[in-house]
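Chemist: Each chain, written out:
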Amino acid sequence: MAYVAVKGGEKAITNAHRWLAEDRRGDTAAPEIEVAQLREQLSLAVDRVMSEGSCYDRDLAALAIKQSRGDLPEAIFLTRAYRTTLPRFGASLPVETAQMAVRRRVSAAFKDIPGGQVLGPTFDYTHRLLDFTLAADGETPIDGATQADEALAYPMPTIASVFAHEDLLEADARTAEAEPFDLTREPMAFPAGRDQRLQALARGDEGFLLSLAYSSQRGWGSTHPLCAEIRLGEVAVEFVPDELGFAIEIGEVTLTECQMISTDAGGVDKAPQFTRGYGLTFGHCERKAMSMAIVDRALRDGAANEASAPVQDEEFVLYHSDNVEASGFVQHLKLPHYVDFQADLQLIRRLRREHAAREAAMKEAAE
Amino acid sequence: MNARPNEPERYYNYAYLDEQTKRMIRRSILKALAIPGYQVPFGSREMPVPYGWGTGGIQLTAAIIGPDDVYKCIDQGADDTTNAVSIRRFFAQVADVAVTEDTGEATIIQTRHRIPEQPLKAGQVLVFQVPQPEPLRGLEARETETRAMHAYEEYGLQYVSLYESVATYGRIASTVGYPTMVDERYLMSPSPIPKFDNPKMGDNEAILLFGAGREKRIYAVPPHTTVRSLDFEDYPFETQTWDENCALCGAQDSYLDEVVLDDTGARMFVCSDSHFCADRRAAGHVGPMADHQLAALETEPT
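One line per chain: the protein sequences are A and B, in this order. In terms of my numbering, the numbers along the first sequence are unbroken and rise by one, the last being 466. In terms of my numbering, the numbers along the second sequence are unbroken and rise by one, the last being 442.
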């Protein structure tokens, strides 16, 4: 058969875009999905897109999910490409997760802790049985949760406060004065500060961090982590505008925070202590927050030159955690490479000719 | 939330990037020009095309383009490859700029994997899309290490690698992205152009800018700078040659693409530089398969 050369790109692109739009819509017998439906009913997908897209906007994230046909890395990419065009006014004050209006808070370290264990909306103890009533048309009746008359504890004590009087847990190394490093404005630099590392992890691909954390648990650079606390809820965001000179509250965000603790046997100059790994995400991304906390802690071993496993290697982890970068570079291989391939073809043909000539000469010499 | 119609030019700044970002990129370009071949880290932005599609080149173009520019974009040497069409369309839309396929007429030429056959002139800028700016990356995975190697001009590892190639294959078996030494100081990746194009970089009248978006690096070769392809006295640098001529225009000295014609091994060789080929045909040069359908498609206006 004859091959048809791929030329005339303009027409091809236009038609591909039309076809893509058709496929996005699917069968028009089914009603078009609304952005508000995605925002409300695919809320965990929205949370992931906001987290890895570094942009807290539920409507935009839902729109990106709709436009990307549910391909979340693609939705994250759309969100990032939009976010990067927005002006940056400055950095907010650090959010006070100790002041969080908590919806969920669990600790695996103590049976009971001040403030108590609050399960909240979690899949943890559901039986993973497909619920066919959800497949039936129309609304499924919801048996709402019982609401307490008043908050159980506010503010909810943090795990750090539980340890505070014994000095068992290392203190927070907070440097609130300096404006934090911003990877969206500055290129990656090594050795990475903790702010840069945490930002990279917060933007990092959930799957990649999950696998790294898992590898650490299985023995590839173990940190022996223990989940001291996970909390989910709303915190206020405060900002100091130059023209005012004092902090004002500009909004509220939902966050998931995870504190992992590891034992540190100490040394000559340092008493044994528990050390921490930290995970923080927009919305409810518990798997991501826990993975991030484990990887954060593992990277500290790398900083102490004890690196031997991938998860402890700062360059390896931080350079490869971004799914927009990774997805782009892996998939760019489908762009034309015929100039390069022609060069390779030439080389291989030439080397084969030389190889054949050598073989023939050897054979001749042997006879 | 209001629906946003799909008209980027109404919602974004001229040439897409905001002016602050453009200024940051122009500063990086100036630094790159001042230290030929040195990789300048810059605050690369997320662009509306994926990493690997030319985000570095697009940012360079966006930072230097103005309404009076004439823009040409090629991929694999050709103006009509899909990604070149897409990027050209992007700048026609967001920068309201004149576009051309004519190498001589363009003020900014963005390229992936080729340098045009027609020599460039003073006043032109050639913008390369670069996937991996670090020439030593294949030999040393760590950025912290390679930056130190450049700082100390410690390029022995590169020469050992070329020597190993000679020992194994009887020749330097590098074909694209062939390592170069710029101004006898910095080892530089020419981006994945075939080594056929390497000699065009040295003493060029035009400015050569290289942008790596994902890796967040910019580097440059200013006009009339020496660019030497590494070699050995007894194994001198050589470029690709073909036994065939271009089937469409008969050119004997251009980089050729191989086009497979059927399942039985029939093939034709055509110029990779589509404008160079079309120009020659317009001037009356005829190759052995000048009537082939590729000739018709390549002259189709876009």
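It cannot be assumed that every hint is accurate.
[Unchecked claim] Quick list of the computed label-pair ranges, beta carbon to beta carbon:
(1) Asp158/A to Pro363/B: 46 to 56 Å
(2) Thr232/A to Tyr152/B: 27 to 37 Å
(3) Ser310/A to Arg277/B: 16 to 26 Å
(4) Val429/A to Thr404/B: 31 to 41 Å
(5) Arg277/B to Phe209/A: 42 to 52 Å
(6) Gln433/B to Val429/A: 30 to 40 Å
(7) Ala115/A to Glu378/B: 50 to 60 Å
(8) Gly206/B to Val429/A: 28 to 38 Å
(9) Val400/B to Thr221/A: 48 to 58 Å
(10) Tyr152/B to Leu119/A: 40 to 50 Å
(11) Arg277/B to Glu121/A: 40 to 50 Å
[Stated by the list, open to error] Which stretches of chain A does chain B cover? Using the computed rule of at least three CB atoms under 8 Å from a CB of chain B, they are:
(12) 122-132
(13) 262-268
(14) 282-295
(15) 327-334
(16) 374-384
Since the hints were made in silico from the structure, they are not lab data. For clarity, every value in this text was computed on a predicted model and none was experimentally measured. Here a beta-carbon is modelled for each residue, glycine too, at the ideal position from N, C-alpha and C.
Chemist: Hints first: check each against the structure and report whether it holds.
Modeler: Each hint, compared with the structure:
| no. | hint | verdict |
| --- | --- | --- |
| 1 | Asp158/A to Pro363/B: 46 to 56 Å | holds, 50 Å |
| 2 | Thr232/A to Tyr152/B: 27 to 37 Å | violated, 46 Å |
| 3 | Ser310/A to Arg277/B: 16 to 26 Å | holds, 24 Å |
| 4 | Val429/A to Thr404/B: 31 to 41 Å | holds, 34 Å |
| 5 | Arg277/B to Phe209/A: 42 to 52 Å | holds, 48 Å |
| 6 | Gln433/B to Val429/A: 30 to 40 Å | holds, 33 Å |
| 7 | Ala115/A to Glu378/B: 50 to 60 Å | violated, 41 Å |
| 8 | Gly206/B to Val429/A: 28 to 38 Å | holds, 35 Å |
| 9 | Val400/B to Thr221/A: 48 to 58 Å | holds, 57 Å |
| 10 | Tyr152/B to Leu119/A: 40 to 50 Å | violated, 22 Å |
| 11 | Arg277/B to Glu121/A: 40 to 50 Å | holds, 41 Å |
| 12 | 122-132 | violated (count 0) |
| 13 | 262-268 | violated (count 0) |
| 14 | 282-295 | holds (count 8) |
| 15 | 327-334 | violated (count 0) |
| 16 | 374-384 | violated (count 0) |
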